[in-house]
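Novice: Listed below are the residues making up each chain.
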Amino acid sequence: MTNKYSCYVLADPNKCTGCKACELACFAEHNKSNNGVGYTVGTVTIPVTPKLYLTKTKAYCMPIQCRHCEDAPCLNACQKHAIYRENSQVIVDQEKCIGCKDCVLACPFGAIAILPIGEKGKLKLQKDREVVKVASKCDLCKDIEGGPACVRVCPNDALELVDANADIEAKNIKTAEGLYVSRI
Amino acid sequence: MRVVEIDKNICTGCRECAKVCPAYAIEGEQGEPQTINTDKCVMCGQCVQKCKSYVSIVTHGYEAYDKVRKERGIPESVKEPLFAAHNVTHIDEVKKALADPTKVVMASAAPAVRTGLAEEFGYKLGTLSNGKMAAAFRALGFDYIYDVNFAADLTIMEEGSELIERVTTGKGKLPMFTSCCPAWVTFLERNYPELSDHLSSCKSPQQMQGAVQKTYGAELRGLKKKDIFNVSVMPCTCKEFECSREEMNASGERDIDVVITTRELAWLIKDAGIDFKSLKEEEFDKPLGEFTGAGEIFGATGGVMEAALRTGYELITGKEIPDVKIPSVRGGEGFRTADIKVGDLTLKVGVVSGLKHVVQVLEDVKAGKLNHFHFIEVMTCPVGCVSGGGQPKLLMDTDKETAYYNRTHTTYKMDEELPIRKSHDNPSIKKIYKEFLKNPLGEKSHHLLHTHYVKGPAKTVK
Chain F
1 MTNKYSCYVL
11 ADPNKCTGCK
21 ACELACFAEH
31 NKSNNGVGYT
41 VGTVTIPVTP
51 KLYLTKTKAY
61 CMPIQCRHCE
71 DAPCLNACQK
81 HAIYRENSQV
91 IVDQEKCIGC
101 KDCVLACPFG
111 AIAILPIGEK
121 GKLKLQKDRE
131 VVKVASKCDL
141 CKDIEGGPAC
151 VRVCPNDALE
161 LVDANADIEA
171 KNIKTAEGLY
181 VSRI
Chain C
1001 MRVVEIDKNI
1011 CTGCRECAKV
1021 CPAYAIEGEQ
1031 GEPQTINTDK
1041 CVMCGQCVQK
1051 CKSYVSIVTH
1061 GYEAYDKVRK
1071 ERGIPESVKE
1081 PLFAAHNVTH
1091 IDEVKKALAD
1101 PTKVVMASAA
1111 PAVRTGLAEE
1121 FGYKLGTLSN
1131 GKMAAAFRAL
1141 GFDYIYDVNF
1151 AADLTIMEEG
1161 SELIERVTTG
1171 KGKLPMFTSC
1181 CPAWVTFLER
1191 NYPELSDHLS
1201 SCKSPQQMQG
1211 AVQKTYGAEL
1221 RGLKKKDIFN
1231 VSVMPCTCKE
1241 FECSREEMNA
1251 SGERDIDVVI
1261 TTRELAWLIK
1271 DAGIDFKSLK
1281 EEEFDKPLGE
1291 FTGAGEIFGA
1301 TGGVMEAALR
1311 TGYELITGKE
1321 IPDVKIPSVR
1331 GGEGFRTADI
1341 KVGDLTLKVG
1351 VVSGLKHVVQ
1361 VLEDVKAGKL
1371 NHFHFIEVMT
1381 CPVGCVSGGG
1391 QPKLLMDTDK
1401 ETAYYNRTHT
1411 TYKMDEELPI
1421 RKSHDNPSIK
1431 KIYKEFLKNP
1441 LGEKSHHLLH
1451 THYVKGPAKT
1461 VK
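Quick mapping for you: the protein sequence lines, in order, are chains F and C. Residue 115 in this note's numbering sits at position 115 of the first sequence, and the numbers go up by one each step. Residue 1298 in this note's numbering sits at position 298 of the second sequence, and the numbers go up by one each step.
So that you can see chain F by itself, here it is in the shape it has in the complex (with noise of 0.2 Å):
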């Protein structure tokens, strides 16, 4: 096992406009094979549930969405262990969620919603006729191809791919060269 740290998606609220691209183009590709959402907005025939949330001040907004924490609060306190670990990457198990929303008082990000769920293109049901809710959050688009969705629509490059490793490995070869006296 390597000490690999998880991936996760981070905006710049110094570019983002609050188009809320991001937000539809994550439920677009996250609801295709289930609920039959195609490329147009007239395929969509379910309430528009994203897994991250635009967050809008008056002096800014930005969308925010899971940091897939090395130790996770939202895992650790699902009763259900309907949160587990894929790839480093932390994901709720719609199926077995509940939606006691203990893992939204958990994050302290605020990432987490409880949010209805589309089967077949409708709304799933209870046995009261009530809409099942269940935790709603990034998943990094696993199984997307092309990745994470948000990154790709934002027309403003405010979303970017964080892959901490990366970051630590590149400030670690600029520490060297910086002390780094050629011997030539």
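The hints are simulated quantities; they were obtained by calculation from the structure and are not laboratory data. In this text, all values refer to a predicted model and were calculated from it rather than measured experimentally. We treat Cβ as the ideally placed atom computed from N, Cα and C, and that holds for glycine. The hints are all genuine.
Pairwise CB distance ranges, derived in the manner of DEER restraints:
{"hint": "1", "chain 1": "C", "residue 1": "Asp1275", "chain 2": "F", "residue 2": "Glu119", "range": "15 to 23 Å"}
{"hint": "2", "chain 1": "F", "residue 1": "Glu119", "chain 2": "C", "residue 2": "Lys1286", "range": "40 to 48 Å"}
{"hint": "3", "chain 1": "C", "residue 1": "Lys1124", "chain 2": "F", "residue 2": "Ile114", "range": "31 to 39 Å"}
{"hint": "4", "chain 1": "F", "residue 1": "Glu169", "chain 2": "C", "residue 2": "Lys1277", "range": "46 to 54 Å"}
{"hint": "5", "chain 1": "F", "residue 1": "Lys96", "chain 2": "C", "residue 2": "Ala1018", "range": "41 to 49 Å"}
{"hint": "6", "chain 1": "C", "residue 1": "Ala1018", "chain 2": "F", "residue 2": "Ala59", "range": "19 to 27 Å"}
{"hint": "7", "chain 1": "F", "residue 1": "Phe109", "chain 2": "C", "residue 2": "Lys1277", "range": "39 to 47 Å"}
{"hint": "8", "chain 1": "C", "residue 1": "Thr1059", "chain 2": "F", "residue 2": "Lys124", "range": "19 to 27 Å"}
{"hint": "9", "chain 1": "F", "residue 1": "Gly146", "chain 2": "C", "residue 2": "Thr1168", "range": "49 to 57 Å"}
{"hint": "10", "chain 1": "F", "residue 1": "Asp143", "chain 2": "C", "residue 2": "Lys1124", "range": "20 to 28 Å"}
{"hint": "11", "chain 1": "F", "residue 1": "Asn156", "chain 2": "C", "residue 2": "Gly1343", "range": "46 to 54 Å"}
{"hint": "12", "chain 1": "F", "residue 1": "Gly146", "chain 2": "C", "residue 2": "Pro1033", "range": "27 to 35 Å"}
Covered, in the sense of this in silico footprint (three residues per stretch, anywhere, with C-beta under 8 Å from a C-beta of chain F), are these stretches of chain C:
{"hint": "13", "stretch": "1052-1058"}
{"hint": "14", "stretch": "1069-1081"}
{"hint": "15", "stretch": "1117-1125"}
{"hint": "16", "stretch": "1395-1405"}
Derived pair list, reagent style EDC-like, types lysine to aspartate or glutamate, alpha-carbon separation capped at 20 Å:
{"hint": "17", "chain 1": "C", "residue 1": "Lys1270", "chain 2": "C", "residue 2": "Asp1092"}
{"hint": "18", "chain 1": "F", "residue 1": "Lys133", "chain 2": "F", "residue 2": "Glu119"}
{"hint": "19", "chain 1": "F", "residue 1": "Lys120", "chain 2": "C", "residue 2": "Asp1275"}
{"hint": "20", "chain 1": "F", "residue 1": "Lys58", "chain 2": "C", "residue 2": "Glu1029"}
{"hint": "21", "chain 1": "C", "residue 1": "Lys1096", "chain 2": "C", "residue 2": "Asp1271"}
{"hint": "22", "chain 1": "C", "residue 1": "Lys1079", "chain 2": "F", "residue 2": "Glu130"}
{"hint": "23", "chain 1": "F", "residue 1": "Lys58", "chain 2": "C", "residue 2": "Asp1007"}
{"hint": "24", "chain 1": "F", "residue 1": "Lys56", "chain 2": "C", "residue 2": "Asp1007"}
{"hint": "25", "chain 1": "C", "residue 1": "Lys1400", "chain 2": "F", "residue 2": "Asp157"}
{"hint": "26", "chain 1": "C", "residue 1": "Lys1040", "chain 2": "C", "residue 2": "Glu1029"}
{"hint": "27", "chain 1": "F", "residue 1": "Lys120", "chain 2": "C", "residue 2": "Asp1271"}
{"hint": "28", "chain 1": "F", "residue 1": "Lys122", "chain 2": "C", "residue 2": "Asp1275"}
{"hint": "29", "chain 1": "C", "residue 1": "Lys1070", "chain 2": "C", "residue 2": "Asp1271"}
{"hint": "30", "chain 1": "F", "residue 1": "Lys122", "chain 2": "C", "residue 2": "Glu1076"}
{"hint": "31", "chain 1": "F", "residue 1": "Lys124", "chain 2": "C", "residue 2": "Glu1063"}
{"hint": "32", "chain 1": "F", "residue 1": "Lys56", "chain 2": "C", "residue 2": "Glu1032"}
{"hint": "33", "chain 1": "C", "residue 1": "Lys1430", "chain 2": "C", "residue 2": "Glu1443"}
{"hint": "34", "chain 1": "C", "residue 1": "Lys1225", "chain 2": "C", "residue 2": "Glu1093"}
{"hint": "35", "chain 1": "C", "residue 1": "Lys1455", "chain 2": "C", "residue 2": "Glu1246"}
{"hint": "36", "chain 1": "F", "residue 1": "Lys32", "chain 2": "F", "residue 2": "Asp93"}
{"hint": "37", "chain 1": "C", "residue 1": "Lys1079", "chain 2": "F", "residue 2": "Glu119"}
{"hint": "38", "chain 1": "C", "residue 1": "Lys1124", "chain 2": "C", "residue 2": "Glu1281"}
{"hint": "39", "chain 1": "F", "residue 1": "Lys133", "chain 2": "C", "residue 2": "Glu1063"}
{"hint": "40", "chain 1": "F", "residue 1": "Lys58", "chain 2": "C", "residue 2": "Glu1027"}
Based on the hints, put chain C in the right spot on chain F.
Specialist: Using the frame of chain F, we list chain C on its own:
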């Protein structure tokens, strides 16, 4: 009149729409809800295509979604996301007419509609749905399924003849501009009224279609024009404005009663419970639904030019054009030019795609720098009508290039596969001139198919 609007309660003030607005009509502070300056707006709907600020169940709530849908007159069966920038819908008027037994409801759709419609039902971008669209109109209860492609062929007869007249007799200003795009016409009327004589006097195919459906079409079927209700389906948000212009009543009635967009046609189909995927392909009604490849390519940038050249060549030289395909006028966004040999004459033509690119062209025309040009096509939307403001809206703009490419490709493929590819060879066009119009630019054509322009904002009656 209300055409394109931004809902202040939903707009996040990202101003991404302002980046695509060719008329610089979107005003407001960054981060604050935006407003559309209607004196500047040309109603092209590119903001509608761009806007991703949707009514969210997370931030606005379920009730807000239902409220907005109701406010906009969108049927309850529609569950798709609703956005801040939107066009005013008219599908209730269509439903009312279809339910009215005293009305004879005629459908006609623009060339580009059939390159986008299927996308709203989950098909691949740019899937052709010509026959399914005709079947859907019938299933919806339209009495006659006609086609704006027919009037596109008719436009070529009139506009081609007008160009030849301007070039050979010196009557009328050159370069002549196309006049099929109402957003472009609106832009010129308001901002360069001194150049309005350069516009072709031809009405757009939509308005020609409306005028002939209520006159020739009524005669053919023994109908009263007041009983006819013309529904036009367009890839364009500005077409409703065009049909509402006060002078668009050459038949004696409103020539086109209502316009809906490609997206709204998909709503109608879904609302009626029609399973689009299982529809069998059907034919359009003749004669006002018969068309050629030349009519179909109006949907792509350069298409009007190419169609006009196919006919113009043969009218001027009396010989068959060596190749109907004219790649030099095809292309993407921007301003491109070509020299086309037509017998002894070299036609200097230009194609503007994307309204932002027309300002320099207009300034150059004003300065006399383009006096050697004969004919310039102008389309407001990025790659012509296939990328219009009323076309299916993409969930992800990263698919835009593919959507534009595929819809354009489909347009040209359909042209290639059609047995007749020149407007003047369309049997129904020959028939309408023989039986009704007599000659291009003749008296009847002048009255029904040609128009005049205003210097400033046009008046509407709706």
